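For the record, the sequence lines run as chains A and B. Here the first sequence is numbered in the working numbering, starting from -5 and rising by one per residue. Here the second sequence is numbered in the working numbering, starting from 624 and rising by one per residue.
Calculated directly from the structure, the hints in this document are not laboratory data. Keep in mind that the hints are not guaranteed to be accurate.
Restraint ranges, calculated between C-beta atoms of paired labels, are given here [to be verified]:
hint, chain 1, residue 1, chain 2, residue 2, range
1, B, Pro764, A, Pro16, 48 to 58 Å
2, B, Cys671, A, Glu34, 26 to 36 Å
3, B, Arg997, A, Gly118, 53 to 63 Å
4, B, Val949, A, Asp47, 29 to 39 Å
5, B, Glu991, A, Cys117, 41 to 51 Å
6, B, Gln1084, A, Pro16, 30 to 40 Å
A quick note: this is a predicted structure, and the numbers were derived from the prediction, not measured. Backbone N, C-alpha and C fix where the C-beta goes; we use that ideal spot for every residue, glycine too.
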Amino acid sequence: MFPILEAKWLAPKVRWITVAAPRVATKHLPGHFVIVRVSEHGERIPLTIADSDSASGTITLVVQVLGATTQQLCALKEGQAILDVVGPLGKATEMKNFGHVVLVGGGVGTAVIHPQAKALKNCGNYVSAVIGGRSQSYVILESELRSICDAVYPCTDDGSYGYHGFVTGKLGELIADQQQPVHAVITAGPVPMMRAIANLTREHHLHTIASLNPIMVDGTGMCGGCRVTIAGQTQFACVDGPEFDAHQVDFTELADRLSAYRPQEQLSWQQLQNLNHECRLNQLK
Amino acid sequence: MKPAERMKILRQHMPEQDAEQRSHNFEEVNYGLAGTAASMEAQRCLRCKQAKCIEGCPVGVDIPGFVEALAEDDLKKAADILLDANVLPAVTGRVCPQETQCEVQCIRGGKSEPLAIGYLERFVADWARENYQQKFTPPPPSGKRIAVVGAGPAGLTCAGELAKRGHAVTIYEALHRPGGVLLYGIPEFRLPKAIVDQEVNNLRKMGVQIICNVVIGATYTISDLLTAEGFQAVFIANGAGLPVFQGIPGEQLKGVYSANEYLTRVNLMGAFRFPDCDTPVIKSTQVAVVGGGNVAMDSVRTARRLGADPATLIYRRSRQEMPARVEEVKHAEEEGIVLELLCNPIEILGTTDGWVRGVRCQRMALGEPDASGRRRPEPIPGSEFEIPCQVFIEAIGTRANPLLTQSTPELNLNKWGNIVIDENNMTSMPGVFAGGDIVRGAATVILAMGDGKNSALSIHQFLSNK
Ligand SMILES: Cc1cc2nc3c(=O)[nH]c(=O)nc-3n(C[C@H](O)[C@H](O)[C@H](O)COP(=O)(O)OP(=O)(O)OC[C@H]3O[C@@H](n4cnc5c(N)ncnc54)[C@H](O)[C@@H]3O)c2cc1C
Ligand SMILES: Cc1cc2nc3c(=O)[nH]c(=O)nc-3n(C[C@H](O)[C@H](O)[C@H](O)COP(=O)(O)OP(=O)(O)OC[C@H]3O[C@@H](n4cnc5c(N)ncnc54)[C@H](O)[C@@H]3O)c2cc1C
Ligand code: SF4
Ligand code: SF4
Ligand code: FES
């Protein structure tokens, strides 16, 4: 069991969970993820390690409620525990002095770029972060990133805060800025966003890394369920990635494979809502 | 009883669940021999002085010894003899390929049928599981600590043998439950998971510590284990769990699985109980599986139980060359599995929205023998045809998973990525031993157990000399 030391809402349906996992915390590098199982009959799901502290032996997860498993996980409170946490998995982000790196995070993707920002800063980079959300309340980790990065640009789809428009729009502006030329881009977020970023930076021949999020089971290269196509070659995202050269990724295929279990996911979700409903009825009695 | 009388007794049959009924459930196929049948079968053994059968068993079970005790109705003694050599008899009695191991060596095999060693082993082991706890007096602690990587049959056996010698053993397992392929690969209807759990618990009672959710190569390296974690020796038994894909067009379609993924979802994650278990698996009316070994057989029979009709097995050679256990092939056919022999998939066909709709195959003919001694299958020109299916499973083999070895460059590997060991099962790193599938490539449960046992002896020796 992995006890939860802190749990709070960062944005609607986005939860910050700090959990004791000393073995993982010691070995964590930016880019790593864990696989988590919430309950005895639960699914194994991958989550990026958003932060870690080896001294206190904790790691932080930033989780968005999407379906049954993330809902169960986000219902856990301080003092409760996660059944299984295994990691750190995946390859760590390539760390070097690129010059000016722009990190682009969409939604919970911002949690992926958070540890990268710290490490890239330590390598001597000039680090900008472009972080997007639907509206102001969906922009997460802004103050954390401000304390690390040289510049942070929040963007909202509805213009309620920061830059009005998609993260690609802001990134386009940064690329165009001759004062502070961009040397590399790292992005994490929804597939359509990463695809749009890749298309944009391809035109400018900008080195771009995307953090992919296919469906996983074991996370150790044993099942092949997480396979993605990179430059026409099959790769297992859990061990060969999850970060790849964004210009080589087949995003259409990735998006398509993510939909493989949609009917079952809806069934699970429905079952959980019924269950929660019953529990609440029982409480009323 | 005189040998001549023994010779007259016919081999007992294994009672099994009705084929039609079992093709719709996950309950065990074989029921096990009844007591009278087991005694009768035990009488068939000739108690040979130079028992050839023992040579066929990688862990050297004293077969005439335990069978004689069984014939004399001394089940306790039979269990003690069996457990002395084999820590997982309820498992091996069910899954050993006896026809190529112990039974093929049985002297009775020539004239009639060999002794049903597997059935008897299972009988004694099942009796012991329910009625008998072998006495275990912990030996004085040696003060030595050993780490075992992987809780499959090799790791579990090695841990048990080391514990018997007073060593403190910690097993690190990557998944959330111990058992290895016994748990995530071999299905419930062949090997109930309760049996694996019970065997694992017996080890815990012997003082073996099992820590799940630790990936060696990621959470700790082998060097961490030998330095910071303070172990004096390590046994690597992480199996050969890297799925091989055929590399044919269409493998990214939704509905294409490796056997590892399909079986893991169903067995380890309980997808056959979905939505009571949260992990889903795609169910479809037509499923095709490519391969001819136990893994392919388990996949296709699993698909059948999830409702596939037809569930088709595609294999590029003929039935004789199939590496699967004879019993599995027989059971599969009884359950209505369609066998497409001398047939090879060349392309997976998809719908416009990315789902599998079928597989294009080629008929094959057998040519000259290849390196493996089996006749090489060659395509027949112009023989292409389609098999409709919505789920396609590839069960053509597994290789060594590089996750651990990549993080440990000190380990010598062969060209397939398997760890190279010396005659004492030691790797190129002093104090680090290895066995099971990571050394042999995909093999069998009992060979992995044999390696675990031999390695334990070598480790004991190594530590005593230190
Ligand atoms: C390496 C990696 C790191 C990740 N890091 C994070 C993270 O830090 N925080 C976080 O909230 N999520 C992260 N994810 C995504 C997370 O694993 C999924 O959101 C989760 O598995 C959904 O489970 P569920 O049962 O709640 O939803 P489901 O019922 O499985 O799915 C609900 C919806 O989510 C979509 N979905 C399913 N799996 C994924 C997926 N892997 N990625 C995106 N959408 C998916 C489905 O298509 C469906 O529409 C990461 C994924 C990967 C592969
Ligand atoms: C579907 C299927 C059916 C089979 N049927 C039969 C049969 O009927 N009869 C038979 O004799 N054989 C059968 N086999 C083969 C047999 O199961 C294997 O040969 C045997 O299990 C090998 O044992 P092992 O201990 O070497 O490895 P495994 O059983 O593979 O166990 C390895 C363990 O190590 C863990 N691990 C892997 N990497 C790491 C790491 N880095 N850190 C920590 N832990 C790790 C794994 O999760 C696993 O639990 C079958 C195999 C499969 C896949
Ligand atoms: S362990 Fe396997 S090979 Fe050995 S006697 Fe038992 S069934 Fe035969
Ligand atoms: S060879 Fe056959 S008959 Fe002889 S001891 Fe072994 S099992 Fe019995
Ligand atoms: S998740 Fe199973 S191989 Fe990547």
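Hints, verified against the model:
Distance hint check: the CB atoms of B:Pro764 and A:Pro16 are about 26 Å apart, inconsistent with the given range 48 to 58 Å. Restraint check, B:Cys671 to A:Glu34: a C-beta distance of roughly 49 Å breaks the suggested window 26 to 36 Å. With their beta carbons about 59 Å apart, B:Arg997 and A:Gly118 fall inside the hinted range of 53 to 63 Å. Look at B:Val949 against A:Asp47: about 57 Å separates their beta carbons, and that is not inside 29 to 39 Å.
Our hint of 41 to 51 Å for B:Glu991 and A:Cys117 is violated, since their Cβ atoms are close to 59 Å apart. Range check, B:Gln1084 to A:Pro16: Cβ separation about 35 Å, and the 30 to 40 Å hint holds.
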